[in-house]
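For the protein sequence lines, the chains are H and V, in the order given.
Each residue of the first sequence is one higher than the one before, starting from 224 at the first, in our numbering.
Each residue of the second sequence is one higher than the one before, starting from 15 at the first, in our numbering.
Simulated from the structure, these hints should not be mistaken for laboratory data.
No residue lacks a Cβ here, since even glycine has one placed at the ideal position from N, Cα and C.
Hints are not guaranteed to be accurate.
With a straight-line cut-off of 27 Å between C-alpha atoms, the simulated DSSO-like cross-links for lysine-lysine are [stated by the list, open to error]:
1. V/K40 / H/K280
2. V/K64 / H/K280
3. V/K51 / H/K234
4. V/K82 / V/K40
Which chain H residues stay away from chain V? Per the calculated CB distances, all over 12 Å, these [claimed, not checked]:
5. G239
6. L244
7. R304
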Amino acid sequence: GAGVSQSPSNKVTEKGKDVELRCDPISGHTALYWYRQSLGQGLEFLIYFQGNSAPDKSGLPSDRFSAERTGGSVSTLTIQRTQQEDSAVYLCASSFLAGTQYFGPGTRLTVL
Amino acid sequence: QQPVQSPQAVILREGEDAVINCSSSKALYSVHWYRQKHGEAPVFLMILLKGGEQKGHDKISASFNEKKQQSSLYLTASQLSYSGTYFCGTEFGSSNTGKLIFGQGTTLQVKP
Chain H
224 GAGVSQSPSN
234 KVTEKGKDVE
244 LRCDPISGHT
254 ALYWYRQSLG
264 QGLEFLIYFQ
274 GNSAPDKSGL
284 PSDRFSAERT
294 GGSVSTLTIQ
304 RTQQEDSAVY
314 LCASSFLAGT
324 QYFGPGTRLT
334 VL
Chain V
15 QQPVQSPQAV
25 ILREGEDAVI
35 NCSSSKALYS
45 VHWYRQKHGE
55 APVFLMILLK
65 GGEQKGHDKI
75 SASFNEKKQQ
85 SSLYLTASQL
95 SYSGTYFCGT
105 EFGSSNTGKL
115 IFGQGTTLQV
125 KP
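Chain H with its partners taken away, still in its complex shape (with noise of 0.2 Å):
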């Protein structure tokens, strides 16, 4: 696609269940990135990968959240037994190597 894309736009979910999140990146790009923006704060790095590497998982604040990058692209994050505090817009970025990245539109979590 022309850019990144990240489904669903909105989810609104039960305290206690899981949701998974997906990011599909540019065609081509080699690296994707997790952010999470709460409302009114800033990006907080979530996780990355970079091609064949480990990912950098630094970010992940609890051992809920996960993250897998099929074949090089499409990417799942997964939050497992959701929280209120968890509610936010999860951004999804991909770039070419370390070079600049394109953000996806996010998806915007609620937790009831």
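Given chain H, work out where chain V should sit, using these hints.
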């Protein structure tokens, strides 16, 4: 290790100038500037690499002071379209890894 942006918010009249600062306590490899409009994804403005370079993009320019570990974004003759939240993303260390840690953002409002 999150960079500190200042000011947190600024209100301008069309045609006025503004400066947004981004400071780090750790050695920086690069600084990336993004602008985010309400409800939209962040959009890339420019990258500055260590070495004190300065870049320009229309009436928006930036500098990187390696000694001070600080970058400044200059908006001259501001336009209504400049309104939004500006984020600096910092890359630490001595090599280009792509991993960015973003500041909390500076909200800029340009009024007619």
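The hints, checked one at a time:
| no. | hint | result |
| --- | --- | --- |
| 1 | V/K40 / H/K280 | holds, 20 Å |
| 2 | V/K64 / H/K280 | holds, 26 Å |
| 3 | V/K51 / H/K234 | holds, 21 Å |
| 4 | V/K82 / V/K40 | holds, 10 Å |
| 5 | G239 | holds, 29 Å |
| 6 | L244 | holds, 15 Å |
| 7 | R304 | holds, 27 Å |
Figure legend: structure checked against the earlier numbered hints; every hint is met.
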